[in-house]
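Trainee: Given chain A, put chain B in place with the hints provided.
Protein chains: 2
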Amino acid sequence: MSVPAQLGDSKVEPVKASLQPLLDLVKSDLDDTNQIIIDRMHSEVELIPTLARHLIAAGGKRLRPVLTLGAAKLCGYEGERAKKLAACVEFIHTATLLHDDVVDESDLRRGNETANVLWGNQASVLVGDFLFSRSFQLMVEDGSLDVLRVLSNASAVIAEGEVLQLMNVGNVNLTEESYFQVIAAKTAALFAAACEVGGLVANRDDKELSALETYGNDLGIAFQLIDDALDYSAEQQSLGKAIGDDFREGKMTLPILLAYKKADEEERQFWKRVIEQEQQEGDLAHALELINKHKTLDDTFSYARRYGASAKAALDIFEDSDAKSALISAVDFAIERAY
Amino acid sequence: MSVPAQLGDSKVEPVKASLQPLLDLVKSDLDDTNQIIIDRMHSEVELIPTLARHLIAAGGKRLRPVLTLGAAKLCGYEGERAKKLAACVEFIHTATLLHDDVVDESDLRRGNETANVLWGNQASVLVGDFLFSRSFQLMVEDGSLDVLRVLSNASAVIAEGEVLQLMNVGNVNLTEESYFQVIAAKTAALFAAACEVGGLVANRDDKELSALETYGNDLGIAFQLIDDALDYSAEQQSLGKAIGDDFREGKMTLPILLAYKKADEEERQFWKRVIEQEQQEGDLAHALELINKHKTLDDTFSYARRYGASAKAALDIFEDSDAKSALISAVDFAIERAY
Chain A
12 MSVPAQLGDS KVEPVKASLQ PLLDLVKSDL DDTNQIIIDR MHSEVELIPT
62 LARHLIAAGG KRLRPVLTLG AAKLCGYEGE RAKKLAACVE FIHTATLLHD
112 DVVDESDLRR GNETANVLWG NQASVLVGDF LFSRSFQLMV EDGSLDVLRV
162 LSNASAVIAE GEVLQLMNVG NVNLTEESYF QVIAAKTAAL FAAACEVGGL
212 VANRDDKELS ALETYGNDLG IAFQLIDDAL DYSAEQQSLG KAIGDDFREG
262 KMTLPILLAY KKADEEERQF WKRVIEQEQQ EGDLAHALEL INKHKTLDDT
312 FSYARRYGAS AKAALDIFED SDAKSALISA VDFAIERAY
Chain B
12 MSVPAQLGDS KVEPVKASLQ PLLDLVKSDL DDTNQIIIDR MHSEVELIPT
62 LARHLIAAGG KRLRPVLTLG AAKLCGYEGE RAKKLAACVE FIHTATLLHD
112 DVVDESDLRR GNETANVLWG NQASVLVGDF LFSRSFQLMV EDGSLDVLRV
162 LSNASAVIAE GEVLQLMNVG NVNLTEESYF QVIAAKTAAL FAAACEVGGL
212 VANRDDKELS ALETYGNDLG IAFQLIDDAL DYSAEQQSLG KAIGDDFREG
262 KMTLPILLAY KKADEEERQF WKRVIEQEQQ EGDLAHALEL INKHKTLDDT
312 FSYARRYGAS AKAALDIFED SDAKSALISA VDFAIERAY
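From first to last, the protein sequence lines are chains A and B.
For the first sequence, our numbering assigns the number 12 to the initial residue and increments by one for each residue that follows.
For the second sequence, our numbering assigns the number 12 to the initial residue and increments by one for each residue that follows.
Chain A on its own, in the form it takes in the complex:
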């Protein structure tokens, strides 16, 4: 697929990027992980598996558990533990998705209803709590305090990142530093933990664990940058996908944070109004024009590529292998899915 003309970044070459090598590498393990997920999200309280299934079966790419399985393979691990711990990672991710779905009164007033409309806020919260608890039960079964440490730390950091993001809503003066702080916490922390757990089961040393953590962290940041860019992507829109969710929520993500920095006085007034006060019909279209004018999606992609390069570099200390190539290709996939 060629780079959309609107991006105007002639340096970008289309890259053959795919998650497939990684998916192929872990296929058999992932099948087992999926079975563990299905078995262990069971509860006699029917609504729990019903709601969890809705989300877990919704056909995500299972990116995070795949990273745990892939990192374990990179470290030559051949045992059973990675499969169960990959399920733990997915349960934590699913719990955060369910909790993200919870809406505020203010959102309801704005008519902004999310997927939780099917079951309601309370069910989303409680089933999320169940999956989160179940994840810790599985880790206890596994019996590694190191794994428990890594994933409980990640969980606390994710919650902090989500709260920080909530507090930043409507703040047009958000700094790049604060933005990166949020995405590192809310997204990259679990990517990093997922990868580190793969090294932990293989009893790798601190240097290698740290490399896996860096790989996961930088991949996670790149992944979130692309997500934030796609929310303003004309190509996404042309594919019939919803865009502008972040905009409507008053979230200062990088594309508009950079557009605000480059704005003239009139544009600044626009951004202040739509982020801090209220939005009107046609505001999203105008925001897209300004993002296009200042080429801030290109800037966002540039950042993503930089983090992607750093993620790949972190794997340098590992010997070449199919697993290493697959993990590198996964970085390209995370970034090039934008095009």
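Errors might be hidden in some of the hints.
Since the list can't tell identical chains apart, any single copy or any two copies may satisfy a pair.
Stated by the list, open to error - Derived SDA-like pairs: lysine to any residue, alpha-carbon spacing no greater than 20 Å straight-line:
1. K304 <-> E276
2. K323 <-> S336
3. K95 <-> L156
4. K95 <-> R160
5. K323 <-> A28
6. K218 <-> S321
7. K95 <-> N164
Simulated from the structure, these hints should not be mistaken for laboratory data.
Mentor: The following block gives chain B in isolation, referenced to the frame of chain A:
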């Protein structure tokens, strides 16, 4: 304080019941636990300690951490671990309170706003998630997989109980068995775990751990029964406390579950309408009349006393001590606070 005439249960003697002996017993430990709670709910994300402080400092009796400290004392434990683990128990409890505060659209439509109105649903959920994660971080620091097992199991059971309760809302045909299943899960599981953790730090054997679990479980059930009775208590109302919350939410708690069982046809129609369909002005007053007529608060208190007696009996295997007396007195307190 004498038994209110309306209860019409002449067999009940006023009992000198107090939590004070237990509070006195653990006072110095509890001060340390409170300091750990304050220190460890800290986050650079300001909203987290702000919101957590609002709830944690709101001056609850710290009943659950007090039970951990008291159970540890009963087992002759003199070390530091119980203090930190008591903080874990309180963090889990606070997280569930925050998540209970989350309201649904339907509640909003009914104008039923809870404490979360100050910060909103999302903040309640995320700060709850943070405290829950922090609790597991502290357990990992402590390093006991047994403690992690007991508290992660309790957390999963609590979430199941809360979901079950949610599913039971509006079901006028709820059985006593289902009701007890809910309160065992949503309330008694954490009481049981709090007590068992006190025995775990003292390295007690399975028989004693099981006795502590039974004590906590039966105390927790008694505690919740009294809570559910107080929501329909004329004395509470005369003290200026809000009553009827459960009624307005369509929750089938024991006082109305039993009233429905004893109802004549006209009364059944009333209960069906107010629980399954809609409520009108004056319905709570009529519900209180029916509860009074059928003396179902007395029945609820009788159940609570039975569970209280069972809780006390569970401690029989321990030698007499100040700690044992204090824990027995705490059972009386949990029940007699109704009068």
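Trainee: When no copy is named, should K323 and A28 be tagged within, between, both, or neither for a Cα gap of at most 20 Å?
Mentor: within (13 Å within a copy, 66 Å between copies)
Trainee: Treating 20 Å as the Cα threshold, decide for K95 and L156: within, between, both or neither.
Mentor: This pair counts as both: shortest intra-copy Cα distance 15 Å, inter-copy 17 Å.
Trainee: Is it within a copy, between copies, both, or neither that the alpha carbon of K218 lies no farther than 20 Å from that of S321?
Mentor: The answer is within: 16 Å in one copy meets 20 Å, while 55 Å across copies does not.
Trainee: Up to 20 Å between alpha-carbons, please classify K323 paired with S336: within, between, both or neither.
Mentor: within (10 Å within a copy, 63 Å between copies)
Trainee: Could you figure out if K95 and R160 sit no more than 20 Å apart (CA to CA) within one copy, between two copies, both or neither?
Mentor: Both: 16 Å inside a chain and 16 Å across chains, each within 20 Å.
Trainee: Regarding K95 and N164, is the shortest C-alpha distance of 20 Å or less found within a copy, between copies, in both, or in neither?
Mentor: Both: 19 Å inside a chain and 17 Å across chains, each within 20 Å.
Trainee: Classify it for me, K304 with E276: is the Cα-Cα distance of at most 20 Å met within a copy, between copies, both or neither?
Mentor: within (15 Å within a copy, 73 Å between copies)
Of the numbered hints given earlier, the model fails none.
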